[in-house]
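Chemist: In case you want the letters, here they are:
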Amino acid sequence: MSAKFTSRSVLQAFKRHVSARANTARQESTDAAGLQVQDQHAWVSKLPNGVTVASLDSTTSPVARVVLVANVGPRFEESDQLGITHCLRVSVDQANKSKTAFELTRHLTQIGANLSCTATRENLMYSLDCLKDNLDIGVSCLVSAATQQAFKPWEIQDCQQRIVFEAAVVEQQPEARLTEMLHQVAYRDTLGRSLYAPSHMFGKYSSEMLMEYVNKNFTAERMAVIGLGIGHKQLTRYLKTMSVPGSGSNTAKAAKYSGGEVRHEIGGDTAYAAIVTEGLGSQNKDAVALSVLQCVMGCGPTIKWSNGSAASKIIQAAGQATDQPFATSCINTTYSDSGLFGFYAVAQASQMGQVLKAVLSEFGSVTKNGVADQDVQKAKMQVKACAAMMSENGSNVIQNIAQQLLSEGTVQSQEEFFRLVDSVSKQDVVNVAKKVINGKPSMAAIGNLSTTPHLDELM
Amino acid sequence: MAVAAKKVAVTVWKMTLAKWAYNKSYFPSLGMMRDDCLYETDVVQEAIKRLPNNVYDARQFRMSRAISLSGCKDTLPKDEWTKLEEDELYLQPYIAEVERERDIKREWNKQ
Chain A
44 MSAKFTSRSV LQAFKRHVSA RANTARQEST DAAGLQVQDQ HAWVSKLPNG
94 VTVASLDSTT SPVARVVLVA NVGPRFEESD QLGITHCLRV SVDQANKSKT
144 AFELTRHLTQ IGANLSCTAT RENLMYSLDC LKDNLDIGVS CLVSAATQQA
194 FKPWEIQDCQ QRIVFEAAVV EQQPEARLTE MLHQVAYRDT LGRSLYAPSH
244 MFGKYSSEML MEYVNKNFTA ERMAVIGLGI GHKQLTRYLK TMSVPGSGSN
294 TAKAAKYSGG EVRHEIGGDT AYAAIVTEGL GSQNKDAVAL SVLQCVMGCG
344 PTIKWSNGSA ASKIIQAAGQ ATDQPFATSC INTTYSDSGL FGFYAVAQAS
394 QMGQVLKAVL SEFGSVTKNG VADQDVQKAK MQVKACAAMM SENGSNVIQN
444 IAQQLLSEGT VQSQEEFFRL VDSVSKQDVV NVAKKVINGK PSMAAIGNLS
494 TTPHLDELM
Chain B
4 MAVAAKKVAV TVWKMTLAKW AYNKSYFPSL GMMRDDCLYE TDVVQEAIKR
54 LPNNVYDARQ FRMSRAISLS GCKDTLPKDE WTKLEEDELY LQPYIAEVER
104 ERDIKREWNK Q
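In order, the protein sequence lines correspond to chains A and B.
Going by the working numbering, the first residue of the first sequence is number 44, and it counts up by one from there.
Going by the working numbering, the first residue of the second sequence is number 4, and it counts up by one from there.
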């Protein structure tokens with residue numbers, strides 16, 4: 044599924060839609076719940092310190108992956124802590140309480156492992172890839188980097204340069220800026236907080252601020268460790284000495300969708316716009332039907348370099364409105380309790396108005412005239428194929444399991460997901476379309492906006 | 004971090020001798036602490052870079068005051084001299100950390 048114009052959140056939409064609401068797991072043993080995930084057996088249990096541990100045995104590959112995921116993201120930032128997750132993410136390799144930065148790097152290079160930190164709006168994932176024989180050192184590095192941060196003041200100062208650089212890179216990418224703008228206008232705070240630090244916070248992150256944030260948010264019930272290619276007893280043994288920095292429980296503020304419009308004129312040849320309404324959270328029972336609807340509307344060309352009008356209804360509609368290059372894709376971003384559903388479009392500055400009107404009328408016609416049976420069948424196959432293809436990659440599997448464990452507490456197998464997709468009927472798709480597409484819209488636009496209509500002119 | 008707070012069991016005459024030797028040293032009469040006078044090797048320079056801002060500013064003030072006094076061949080009034088009990092070895096933890104990091108690097112680079 045390679046759209047000509049693939050932004051991070053389109054891919055994330057697919058990553059997240061795989062985690063629809065799960066059924067309960069089969070009890071296979073007394074101390075760990077066993078579940079069938081793909082053709083591997085997953086075991087889930089809780090450590091004495093309260094952290095959930097899951098492991099999947101994979102005998103084919105010599106590589107083991109361990110992910111420590113914390114339900115900490117820009118969503119939980121207060122207004123005086125904007126971008127603190129960005130700072131946390133770039134300081135993963137700094138000194139912690141048990142190792143200096145140099146030791147951490149040398150240990151990892153000695154065992155040939157990769158340690159990285161990925162941030163989504165809701166979760167922070169510290170991932171380790173290493174060979175199965177080196178897991179003892181690898182996991183100790185991972186746990187020290189993720190839970191025993193020391194935040195030495197002079198090292199935090201050095202990190203600020205990285206933050207400035209990453210923010211500058213994002214500044215150069217209109218698609219990334221569009222995603223941030225879209226979330227900000229749709230949610231304002233919580234999910235509207237940006238993944239990247241704002242310029243007024245450069246150099247302002249202090250050791251105390253970071254320490255306080257970690258101690259408040261890294262609590263045991265909001266953390267999980269998932270191992271792929273490692274036995275459950277082995278993983279639990281390595282994690283025995285893990286201590287959780289935070290204590291107490293704090294509930295997340297519910298994401299409230301507001302809607303609105305934001306535009307940013309930067310000139311150039313092209314215009315980028317996104318129009319969404321509130322979608323569904325991953326725990327909503329109609330989330331799978333919404334994924335099917337997304338594929339009905341079209342997610343970009345399925346054949347590289349083709350114009351995609353055979354595969355995508357919205358590309359077909361926009362292609363009739365303009366003969367100049369454009370790209371458009373339906374987006375379905377799912378978070379644990381809310382989501383965004385709509386479309387992105389990129390077009391030449393002079394054509395943007397026509398493209399947007401054409402795509403919007405396509406969405407409107409789904410609510411009025413419904414969808415064809417073969418479109419629904421095609422979409423269901425696409426959803427299943429995309430999920431299957433993404434699960435070929437170990438790191439996708441483990442990140443998916445991580446997010447599912449945190450938001451739902453259990454892991455859904457691929458067969459279960461396929462069954463849910465197959466059970467979606469045409470009526471389900473039409474019902475969810477009516478429910479979602481008729482909501483309050485949000486619009487974000489960036490680029491040369493000379494012919495881009497405002498939201499009230501489009502609706 | 005205040006090493007002065009650590010109570011060591013020392014006989015009275017040793018303490019008297021220590022105080023006498025401290026007061027005979029030049030630097031307390033200029034209002035400096037012992038760690039202000041350390042020769043700035045690489046290790047010490049790195050440790051100074053890691054000082055928190057307020058400690059660094061206090062250090063700079065004491066050194067500037069001492070330099071200007073010494074330039075006039077003058078000292079502070081007797082009651083403003085640094086006392087042995089007030090002297091804080093503030094730089095030692097940072098020096099220890101820098102040295103530890105260097106040892107670790109040396110160990111790794113040996114292999």
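Note that these hints are calculated values from the structure, not bench results.
Incorrect hints may appear among the rest.
[Stated by the list, open to error] Only pairs whose alpha carbons sit at most 20 Å apart, straight line, appear in this in silico EDC-like list of lysine to aspartate or glutamate:
1) K478/A to D366/A
2) K140/A to E83/B
3) K142/A to E102/B
4) K195/A to E100/B
5) K108/B to D329/A
6) K421/A to E458/A
7) K195/A to D82/B
8) K276/A to D176/A
9) K142/A to E104/B
10) K195/A to E49/B
11) K142/A to D100/A
12) K259/A to D232/A
13) K195/A to E89/B
Note that the structure is predicted; figures quoted are calculated from it, not measured.
Chemist: I'd like to know which numbered hints this structure contradicts. Please list them from smallest to largest.
Modeler: Those not satisfied are hints 1, 2, 5, 7, 11 and 13.
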